[in-house]
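Assemble the whole structure, with the sequences as input and the hints as a guide.
Chains A and B, in that order, give the protein sequences. Its first residue numbered 1, the first sequence is counted upward by one per residue in this note's numbering. Its first residue numbered 1, the second sequence is counted upward by one per residue in this note's numbering.
There could be a bad hint or two in this list.
[Claimed, not checked] Within a straight-line C-alpha distance of at most 27 Å, the following computed DSSO-like cross-link-like pairs (lysine-lysine) qualify:
1. K121(B) to K198(B)
2. K122(A) to K140(A)
3. K148(A) to K277(B)
4. K151(A) to K140(A)
5. K33(A) to K277(B)
6. K151(A) to K198(B)
7. K195(A) to K259(A)
8. K138(A) to K122(A)
9. K278(B) to K146(A)
10. K198(B) to K148(A)
11. K198(B) to K122(A)
12. K122(A) to K146(A)
13. K140(A) to K195(A)
14. K138(A) to K195(A)
15. K98(B) to K198(B)
16. K33(A) to K96(B)
17. K198(B) to K277(B)
18. K33(A) to K45(A)
19. K138(A) to K198(B)
20. K148(A) to K122(A)
21. K198(B) to K146(A)
22. K138(A) to K45(A)
23. K148(A) to K138(A)
24. K151(A) to K278(B)
25. K151(A) to K277(B)
26. K33(A) to K278(B)
27. K278(B) to K148(A)
28. K45(A) to K151(A)
29. K277(B) to K146(A)
Since the hints were derived computationally from the structure, they do not count as laboratory data.
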Amino acid sequence: MTTTPQIAVTSAGDDVSRTTLLSIRNVAKRFAKNVVLRDISLEVKEGEFLTILGESGSGKTTLLRIIAGFETASAGEVWMGDARLDRQPPYRRRVNTVFQSYALFPHLTVEQNVAYGLRVAKRPEAEIAARVSEALEKVKMSAHAKSKPSKISGGQQQRIALARALVNRPQLLLLDEPLSALDANLRRQMQVELKSLQREVGISFIFVTHDQEEAMVMSDRIALLRAGELEQVATPREIYGHPATAYVAQFIGHTNLLKGEVRAGVVRRGPLAWTAALPDGAALFSLRPENIRLASEKATAPGTVRVRGKVRQQAFHGATELIRVECGDGLVLVVRTPGSGGALDEVDLEFSPADAVPVRESPERI
Amino acid sequence: MFSRAYKAAVTLPPLLWVTVFLLLPYLLMFCYSFWSVSASQAIVHSWNLDNYGQLLRVNVYWQTLLRSMWIAARVTLFSLLLGYPLAYFLSFYASKKKDLLYQLVIIPLWVSYLVRAYAWKTILGSDGVLNTLLQYVHLTTHPLEFLLYSPFAVVLTLTHIYTPFAFLPIYAALEHIPRNLVEASHDLGATPGQTFWKVIFPLSIPGVVAGATFAFVLSLGDFLAPLLLGGPSGIMISNIVVSLFGAAYNWPLGAAISFCMLLLVVCLLVFSERLEKKWSFS
Chain A
1 MTTTPQIAVT
11 SAGDDVSRTT
21 LLSIRNVAKR
31 FAKNVVLRDI
41 SLEVKEGEFL
51 TILGESGSGK
61 TTLLRIIAGF
71 ETASAGEVWM
81 GDARLDRQPP
91 YRRRVNTVFQ
101 SYALFPHLTV
111 EQNVAYGLRV
121 AKRPEAEIAA
131 RVSEALEKVK
141 MSAHAKSKPS
151 KISGGQQQRI
161 ALARALVNRP
171 QLLLLDEPLS
181 ALDANLRRQM
191 QVELKSLQRE
201 VGISFIFVTH
211 DQEEAMVMSD
221 RIALLRAGEL
231 EQVATPREIY
241 GHPATAYVAQ
251 FIGHTNLLKG
261 EVRAGVVRRG
271 PLAWTAALPD
281 GAALFSLRPE
291 NIRLASEKAT
301 APGTVRVRGK
311 VRQQAFHGAT
321 ELIRVECGDG
331 LVLVVRTPGS
341 GGALDEVDLE
351 FSPADAVPVR
361 ESPERI
Chain B
1 MFSRAYKAAV
11 TLPPLLWVTV
21 FLLLPYLLMF
31 CYSFWSVSAS
41 QAIVHSWNLD
51 NYGQLLRVNV
61 YWQTLLRSMW
71 IAARVTLFSL
81 LLGYPLAYFL
91 SFYASKKKDL
101 LYQLVIIPLW
111 VSYLVRAYAW
121 KTILGSDGVL
131 NTLLQYVHLT
141 THPLEFLLYS
151 PFAVVLTLTH
161 IYTPFAFLPI
171 YAALEHIPRN
181 LVEASHDLGA
191 TPGQTFWKVI
201 FPLSIPGVVA
211 GATFAFVLSL
221 GDFLAPLLLG
231 GPSGIMISNI
241 VVSLFGAAYN
251 WPLGAAISFC
261 MLLLVVCLLV
271 FSERLEKKWS
281 FS
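Following this line, the structure appears as structure tokens:
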């Protein structure tokens, strides 16, 4: 795939200069009376690694299937460049998919599987042979070219599924939880490989997963889907540091959700109080456990919030430790420390008000 | 795991059944095929190959055997041509009415064979439904004679009767094809036609082989359809066997012909099983 235009990607995602490749406009999907997706609008840039993250039943696979052409949207449009994509049958779309269960053709060899797309496009045999062997080399599977899919391992099948899609040089690659069937170690290894492969070929990837860690590690941007609606679309750093809603804050990593009361620029929650430029009324805040510190005896730095509490639970995680602290008035804070050095009883906690990020409530959805 | 007594109790009855009702009769038939009949119509227990020699020498026997195979081959072909599209449509496109349509294909199997054969007789006869209709609309002036009492009638009737047998294994094979393979094929740019020939058909071959075997073996040994609708030109090998065991009272020759057919069918089954294995990937 040396002829594929190489896009030098350093810090993707933040790069707003790149052109939009795929544009999903107000897409909705209903199965009978069951609403699976409502009013989804999303853009994917060229060379971008976008992850659609969501729990099972959030509609993420349905959205991917609409882009691939296996489902028809009940409303809305999908555009690729200046062409309407959602009116074309799947076999005319320059989009390829890596299926969750790989979907390799059992009656064809590894080599024939990879060659499939080029064969049906009636490319010259010499070109097919060259591109297939190149693709197999890229995924380090040249040695298994003549094997049947049933004779190779799950991880190897995964590589073949990837090669079979990439050999067609699609403009966009869709990946439907391709790593979910692999064991933890292989999975981490494939995450790194997949990411570097994506940078190498410069093709836009839309990656579907329910694993927030996977999404954080691999993506330029994450689109978090909840019950058929987009909660937030942002870079991993942005989505972690500034979650838009309570749901996002809880789904990505651990967090303390604080329901406070704002009056004249001061937030109060039980024994806590800090200043925030917010209108009066109830407000919800997300405070990450690692942003709360165990305070020393010395006086607090000005502007930090300090509270004393009783340790109820300590969980050792190796590099860090999670501590549940009861601070009175029904307030329980979860704190992540780099190791406390033993059992604790009463502790002083502190955090800076800037780390208490205001988030919107996430109302229940049916 | 299981005690020896339990294993014996489970395996003995079927073993006994097969021995008493299948292997022993076949052995007896095999012995008969080497014996002969005296002028006074008594079985002579002298061992020789005369019956097999007669099979090759007397034209009517091997010609009828060949004709039976030719009829069975045509029935197989037509059953597949009817059964495959039906199974394909049912499996891939009849999403909601699937069960109903499946039942409609199966129900004829519950209707007596004789009734269906007679039905064709009333349709194809010289004053039957079809001829009456053709003359009524002035397409023909005389009844078409080839419709009934001909190989045509036999092939038609047997195709009608054995198409469900070809349909069933094909349908089962098509149902077993994971639908994401079809999606993967479309995803890789294959049109529905290309997808059918490159993915669906190759993966359904075991079903086609099984269906073809059913249709061929069952119609090869059929004797009612040729008896009722075949006429002199539509006689099949089983009719000869029946008359040899019955009116002609020549059990040894009948046994020899039966044994040859048995051998033919066993070879066919072995061959089709190999073919099925070669094309199955689960």
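- Would you pick out the hints that fail for this structure and give their numbers low to high? When the structure is compared with the hints, numbers 1, 5, 7, 18, 26 and 28 turn out to be violated.
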